[in-house]
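Quick note on the working numbering: the sequence shown kicks off at 344 and runs consecutively.
A portion of the hints provided could be inaccurate.
What follows is a list of derived Cβ distance ranges for each label pair [to be verified]: (1) V436 x A492: 41 to 51 Å; (2) D453 x K405: 14 to 24 Å; (3) N438 x M393: 39 to 49 Å; (4) Q425 x P391: 28 to 38 Å; (5) A492 x T463: 33 to 43 Å; (6) V373 x K461: 15 to 25 Å; (7) G469 x L384: 17 to 27 Å; (8) K405 x T456: 34 to 44 Å.
Here are the simulated DSS-like pairs of lysine-lysine, each with C-alpha atoms no more than 25 Å apart in a straight line [as the list claims (entries may be wrong)]: (9) K510 x K405; (10) K461 x K426; (11) K421 x K485; (12) K485 x K426; (13) K382 x K495; (14) K375 x K510; (15) K421 x K405; (16) K485 x K506; (17) K421 x K461; (18) K405 x K461; (19) K416 x K491; (20) K495 x K405; (21) K495 x K506; (22) K416 x K426; (23) K510 x K491; (24) K510 x K495; (25) K416 x K485; (26) K506 x K405; (27) K426 x K405; (28) K506 x K491; (29) K485 x K461; (30) K485 x K510; (31) K382 x K405; (32) K375 x K491; (33) K506 x K426; (34) K506 x K375; (35) K461 x K375; (36) K416 x K495; (37) K405 x K491; (38) K421 x K506; (39) K375 x K405; (40) K405 x K416.
Keep in mind the hints are simulated off the structure, nothing from the lab.
C-beta: ideal position from N, C-alpha, C; glycine also.
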Amino acid sequence: MTRRPIVFCASLLALAMSAAAAAHAVDLPVRKAGLWEMKMLRSGGPMPEMTMQHCTDETIDKEMNNNVSPMAKQICTKQDIQKTATGYVSDSVCNVAGATTTSHAEITGDFNTAYTVKSTAHIQGGVAGAAGHDATTTIEAKWLGPCKADQKPGDIVMPGGFKMNVKDAAKLKDLLPK
């Protein structure tokens, strides 16, 4: 595995940890089982726009929340999620690889056909450097239908065909700089 997929996967894991860990204060709805397309748009960072697909079911969604949160408790000093009239709002402060990320996310949608996560983050230290920088990420997710015949719940297919299963994501923490 090259450094770029490792950094990307680590970034996805950190994003998932901040949202999933906070979900224990207020449980987020479980997504409809099947294949979800997630389009990630970023500004203020080196990652280009990308679209990935995630095959999921109720068990995987719950496992993602439960398995990620213990790690998030170790790296996040703040994890807060609140139900709002239009969805959810999440605020977190996490430290990964010497970088502190303070983020705010607004989550809207029905989790059956589509949902959107709009987040803003301030990253200080680490690769961002002492001055830090701000980044905005929007994830637009839509349900495509049943998973493909060669997919199992937890499979994520990223740009370029790189495929992994979220159950293997725990192995990524060993690849993160200490």
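| Does the Cβ distance between V373 and K461 fall inside 15 to 25 Å? | holds (21 Å)
| request: For the pair supplied as a hint, K416 and K491, confirm whether the alpha-carbon distance does not exceed 25 Å. | output: With a Cα-Cα distance of about 34 Å, the restraint between K416 and K491 is violated, given a limit of 25 Å.
| Hint consistency between K485 and K506 [alpha-carbon to alpha-carbon, up to 25 Å] | Holds - the C-alpha atoms of K506 and K485 are around 19 Å apart, at most 25 Å.
| query | Hey, K506 versus K491, does the alpha-carbon distance stay inside 25 Å? | reply | holds (13 Å)
| query | Does the hinted range 14 to 24 Å hold for D453 and K405 at CB? | reply | holds (18 Å)
| Is K375 close enough to K510, meaning Cα to Cα at most 25 Å? | Status holds; Cα separation ~19 Å.
| Under the criterion that the straight-line Cα-Cα distance not exceed 25 Å, is the pair K461, K375 satisfied? | holds (20 Å)
| message | Check the hint pairing K421 with K485 against an upper bound of 25 Å on the C-alpha distance. | response | Answer violated: K421 to K485 is near 29 Å, above 25 Å.
| field | Cβ separation of Q425 and P391, checked against the hinted range 28 to 38 Å | value | holds (32 Å)
| Is 17 to 27 Å right for how far apart the beta carbons of G469 and L384 are? | About 22 Å separates the Cβ atoms of G469 and L384, which means 17 to 27 Å holds.
| request: Starting from K506, check that the Cα of K426 is at most 25 Å away, please. | output: violated (33 Å)
| Is the Cα-Cα distance between K510 and K405 25 Å or less? | Cα-Cα ~12 Å, so holds.
Violation of the numbered hints given earlier is confined to hints 3, 8, 11, 19, 25, 33, 36 and 38; the remaining hints are satisfied by the structure.
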